[in-house]
Amino acid sequence: DGGITQSPKYLFRKEGQNVTLSCEQNLNHDAMYWYRQDPGQGLRLIYYSQIVNDFQKGDIAEGYSVSREKKESFPLTVTSAQKNPTAFYLCASSLTGYGYTFGSGTRLTVV
Amino acid sequence: AQKITQTQPGMFVQEKEAVTLDCTYDTSDPSYGLFWYKQPSSGEMIFLIYQGSYDQQNATEGRYSLNFQKARKSANLVISASQLGDSAMYFCAMREGGGSYIPTFGRGTSLIVHP
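Keeping their order, the protein sequence lines are chains A and B.
If you're matching positions, the first sequence starts at -5 in our numbering and goes up one per residue.
If you're matching positions, the second sequence starts at 878 in our numbering and goes up one per residue.
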């Protein structure tokens, strides 16, 4: 079955550590997105990519980095520069902009 | 300025009754799409319904319908015959044209269905 796989489901980060969240899709979608969700908030865009080897900053890109070396993969790194990284992270993809498929999310906690 | 506004942080409805979740949007782009997603406590985002700006008819998908009032920039979700499993967060989202196709989400409405 086609879909988006995010891993891990839960992730714990120590202060000063970089961590990478995985997002893989087998839908052959061109566009991929990373969102951050905080309690009581909607989804806020971190980064997006419309083609391989190209990506753009979203509304809250500071402290995050991404890569898009393969169409199927769009990993997100939460760097030590992100001072408040505890949140729920959702990855999504789209082929035409008429529908978006989401992964099941990664819950990141700073310990 | 917020592009998507959901004014109801929480809603309660009795099982088997209908409920309307409000959504207003702001865009100057004549071509756009409106979406509703459901997010249960597990966190996954489940697509419910889509309405294109040029669609003449209101979208319907089973028990879900979208009350699209273009002049008022309103895209309310109507859930008929509520079920206990409908208890979740509901998000309204908009995608504008212009090629980037980036969806913007509202803050969501928490729906609780009472037996």
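If you're looking for bench data, these hints aren't it; they were derived computationally from the structure.
Note that the structure is a prediction, hence the values are computed from the model and not measured.
Accuracy of the hints is not assured; some may be wrong.
As the list claims (entries may be wrong) - One-sided and incomplete, this derived list gives chain A residues near chain B with beta-carbon spacing under 10 angstroms: (1) 27; (2) 36; (3) 38; (4) 44; (5) 46; (6) 54; (7) 79; (8) 80; (9) 84; (10) 92; (11) 96; (12) 97; (13) 98.
Unchecked claim - Derived coverage of chain B by chain A (criterion: at least 3 residues anywhere in the stretch with Cβ under 8 angstroms from a Cβ of chain A; other residues may be distant): (14) 921 to 934; (15) 978 to 989.
No residue lacks a Cβ here, since even glycine has one placed at the ideal position from N, Cα and C.
Worksheet item: Hey, does the residue 54 (chain A) contact hint survive, CB to chain B under 10 angstroms?
Response: Violated - the Cβ of residue 54 (chain A) stays beyond 10 angstroms from chain B, reaching only about 13 angstroms at its closest.
Worksheet item: Holds or violated: is the Cβ of residue 46 (chain A) closer than 10 angstroms to a Cβ in chain B?
Response: Check failed: Cβ of residue 46 (chain A) comes no nearer than 17 angstroms to chain B, outside 10 angstroms.
Worksheet item: Does the nearest C-beta of chain B fall within a distance shorter than 10 angstroms of the C-beta of residue 27 (chain A)?
Response: holds (7 angstroms)
Worksheet entry | Check of the segment 921 to 934 of chain B against chain A for coverage (Cβ-Cβ below 8 angstroms, three residues minimum) | holds (count 5)
Worksheet item: Going by Cβ atoms only, is residue 96 (chain A) closer than 10 angstroms to chain B?
Response: Cβ of residue 96 (chain A) sits 4 angstroms from chain B, so the hint holds.
Worksheet entry | Minimum beta-carbon distance criterion (10 angstroms), residue 97 (chain A) to chain B | Since chain B brings a Cβ to about 8 angstroms from residue 97 (chain A), closer than 10 angstroms, the hint holds.
Worksheet item: Hey, does the residue 80 (chain A) contact hint survive, CB to chain B under 10 angstroms?
Response: violated (15 angstroms)
Worksheet entry | chain A over the segment 978 to 989 of chain B, status - at least 3 residues with CB closer than 8 angstroms | As far as the segment 978 to 989 of chain B goes, the hint holds, because 8 residues have Cβ atoms under 8 angstroms from chain A.
Worksheet item: Do the numbers back the hint for residue 79 (chain A), that is, is its least Cβ distance to chain B under 10 angstroms?
Response: Hint on residue 79 (chain A): violated, closest Cβ of chain B at ~17 angstroms, above 10 angstroms.
Practice prompt. Mind checking the CB of residue 98 (chain A) against every CB in chain B and telling me if the closest is under 10 angstroms?
Written response: At 5 angstroms from the nearest chain B Cβ, residue 98 (chain A) passes the 10 angstroms test, so the hint holds.
Worksheet item: Quick one, is the residue 92 (chain A) hint okay against chain B at 10 angstroms, beta carbons?
Response: holds (6 angstroms)
Worksheet item: Can we keep the residue 84 (chain A) interface hint, with Cβ of chain B closer than 10 angstroms?
Response: holds (6 angstroms)
Of the numbered hints given earlier, the model fails hints 5, 6, 7, 8; all others are met.
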